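Below, each chain spelled out in residue letters.
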Amino acid sequence: MINLEKALSDKRILIVDDLVEARSSLKKMASILGCDVENIDIATDGIEAMHQIHEHDYDIVLSDYNLGRTKDGQQILEEARFTDRLKSTALFIVITGENAIDMVMGALEYDPDGYITKPYTLNMLKERLIRIISIKEEMRAVHEAIDLGKTDLAIKHCLQILEHKAKLRLPASRVLGQLLLKKKKFNEALKVYSTLLNERSVSWAKLGQAICIFKLGDPDSALALLNKTLVEHPLYVQCYDWIARILLSQNKPIEAQESLQKAINISPKAVLRQMELGRVAYENGDMEVAEQAFKHSVRLGRYSCHKSVKNYLQFARAVQKILKNPSERATKNKANEAFRALDELRQDYGQDSDMLFEAALVESQTHQSMENQDGAIQSVNKAEEILATIDCPKTEYKLQMTEAFIDTEQEVKAQAMLEELKELELSDKHKIKLRRLDDQLNGEKIKQHTTSLNDKGVGYYEQGDFENAIRAFDMATQYEQAGISVLLNSIQAKISLMEANAPDPKLLKECRALLVRIGEIGKTDDRFPRYARLRKTYERLCRAAA
Amino acid sequence: MENQAKFEHLVAAVTHDLKNQLQSLTDQQDKIINELPAEYQQDFAPMLRQTNRIKEDALRLVSLFRLEHQQQFSMDDCWPRDTASDAIESCSIQHPELVFDNRINLEAQGFYNEQLIKLALVTLINNSAQAGAHQVEILCEEDGQQGLEIIVHDDGPGFTDSILNGNTDSTKPEGTGLGLIFVDMICKAHKNAGKQGSLQVSNSATGAMATIYLP
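These protein sequences, in sequence, are chains A and B.
With the first letter of the first sequence counted as 1, position 266 gets the number 265 in numbering that gives the first Met the number 0; the numbers rise by one all the way through.
With the first letter of the second sequence counted as 1, position 149 gets the number 148 in numbering that gives the first Met the number 0; the numbers rise by one all the way through.
The set of hints was computed from the structure by calculation and includes no laboratory data.
Among the hints, a few may not be true.
Said to hold, decoys possible - Quick list of simulated restraints, FRET-style, between CB atoms:
1. A:Ser-8 / B:Leu-47: 24 to 34 Å
2. B:Glu-67 / A:Ser-326: 53 to 63 Å
3. A:Lys-164 / B:Glu-140: 12 to 22 Å
4. B:Arg-48 / A:Lys-184: 47 to 57 Å
5. B:Glu-140 / A:Leu-158: 27 to 37 Å
6. B:Val-13 / A:Leu-215: 48 to 58 Å
7. B:Val-13 / A:Leu-158: 42 to 52 Å
8. B:Ser-197 / A:Lys-164: 28 to 38 Å
9. B:Leu-47 / A:Arg-339: 46 to 56 Å
10. B:Ser-197 / A:Asn-226: 24 to 34 Å
11. A:Leu-215 / B:Glu-67: 38 to 48 Å
To be verified - Derived DSS-like pairs: lysine-lysine, alpha-carbon spacing no greater than 25 Å straight-line:
12. A:Lys-166 / B:Lys-187
13. A:Lys-421 / A:Lys-381
14. A:Lys-268 / A:Lys-323
15. A:Lys-227 / B:Lys-190
16. A:Lys-227 / B:Lys-194
17. A:Lys-306 / A:Lys-323
18. A:Lys-214 / A:Lys-149
19. B:Lys-30 / A:Lys-27
20. A:Lys-166 / A:Lys-125
21. B:Lys-194 / A:Lys-166
22. A:Lys-27 / A:Lys-125
23. A:Lys-125 / B:Lys-54
24. B:Lys-187 / A:Lys-227
25. B:Lys-54 / A:Lys-26
26. A:Lys-125 / B:Lys-30
27. A:Lys-381 / A:Lys-412
28. A:Lys-26 / B:Lys-30
29. A:Lys-155 / A:Lys-125
30. B:Lys-190 / A:Lys-164
31. A:Lys-164 / B:Lys-194
32. A:Lys-27 / B:Lys-54
33. A:Lys-166 / B:Lys-190
34. A:Lys-190 / B:Lys-194
35. A:Lys-251 / A:Lys-214
36. A:Lys-251 / A:Lys-428
37. A:Lys-164 / A:Lys-184
38. A:Lys-412 / A:Lys-455
39. A:Lys-381 / A:Lys-309
40. A:Lys-190 / B:Lys-54
All of these numbers come straight from a predicted model, not from anything done at the bench.
For every residue, glycine included, the Cβ atom is placed at its ideal position computed from N, Cα and C.
With the hints as extra help, turn the sequences into a complete structure.
This is the structure we're talking about:
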């Protein structure tokens, strides 16, 4: 057994508790037990704790589980280990009351080295610390291997411990199971958990067993096992997470969402869980739930390693889907929440053009839902500008841009983007989307645009400026919607230019293409005489050019 | 299952709050007492006893509730010497006249819910004190098959025949008999590898002996 005073004397320690009396009492106890007060830091909440953990290398973190509105102790642990800021050889001890014991003890991946239950005394703290530090010391070789990234070596050490030190079978099996799961050695991990469960009924081994069974291809048995574990430990929230994952794999998204909602009811502070619920609910079309889940993801993720662009965008997208009755105050407030989230996103990730593009599109959709057409157009144009700055933008972006142009009735831009897309090699998924957008495009608007280009061309023609006239008519004839008269005007401008100068093979080729596009015109058609005259001149110019 | 989880969640939240407050209360008491001159510290003993009683009763109430609802208790590796030491610490406040001897090996290890077993030990020690014992020793034996026996042995008058025969549960004339029932419930809540925990009462040459068996 270790000498606690000696073991603590050179350790750097972080104490995390939101209650002032608890902090000072724990600090005092720690110093009585041998810690150097100079080596003890204090954090009052999860955010401060993470800040400290990023600043210093701690040997021991003593954290209360419940820390008010932000992160809980378990999340500090997850983040500290996830970001590699707390080595495997360092200790994380959770101090907990009643409501978290199943969650703390059941954590399969990021489990604390030990926990102390309230209410505790100095003597109890001392005893627990001696035990926890002693176990960690006995397993030092395993943790050192983990810190060096040598998983196979860590596995080897675990197996040795299991063979020679029967009293360490619980902590050794726990680490061994984690390492084998990491290596995807599910058969071996299952054996570890099953062997242990024959002797010790521990909840995390039941979860581990269920995960292995699922990974080995038997989702129904895994579900049965998880549900049975939940009957015994109704607050064992990680079981709900895995039930949801399994149900999703079985293509049962509605049931998966229900399971995630149960988990959230018990433990609402986990960012990843909120993100997953948001994602599943969004896919299920349950925007009310998705919006709430993404809202929590944004709030909880704000000061965490899980802060991401995705959180903000998904929140704004979900909000946009639930905006009804734009004149109502509640709807306005909701829309403003989305705008604020997008502003925050732009502030924090301003260099990320992809994000800025997507944010501008979501913003535009939100404006549209609020029936603010000017705002929508402004945001779409912002998106257009950003898209132009992205090197080789994704096809998906171009499709989104096209859709945004259509939604804001900017059909001409939409048509141009569609034409660009038609030139590309597209996947089947993109082809389907392109076809849908093509169908959505309002032909009447394009026709109006070609008419205005045509009028411009006629103006130039009348002034004898054939070159500019040709340019305007060419722009008009780019659109399928351009009528026969526009096509004839274009031919006439080209012919007039050639008659004024000389026959030009390029212009003749363009005239031919336009004539082919017009096709046959009936003799009774009003436009027939003009068509016949132009055709005749074209043929003459062809002969002259030959 | 969903309602059960909600209900359990609510109970756990209230309990958690209660425990937080109790922890805070004892921390503050300790702080005040430590700041006082030594001659006045003794005056606070009754208050400490009362707080300790409230703490034990609160834990007992919660445990009874969960036992009644047959909910599973989380079990983990535990060290009986530490558990006994915690129980002794708690009982020393209540019964300063009692002499304790924790004879459990430092290395002895078990698999149980520490809070519950501590409560069981506190209950058994209280019984000994109230029966008139002056000394209590706590021992432990590992059965070699992962099972464990924790024995509370006192120098009191011993259990009456009616208790030993199972006709009554009370160790004292005015007793409710709930103490032994509570300990028995705690033992039975411990199930492992197909076996169930139990409580055995007997008399030695010098006093009463209560044996908690944990599989």
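task: Return the numbers of the hints above that this structure violates; sort them in rising order.
output: Failing hints, ascending: 6, 14, 17, 29, 40.
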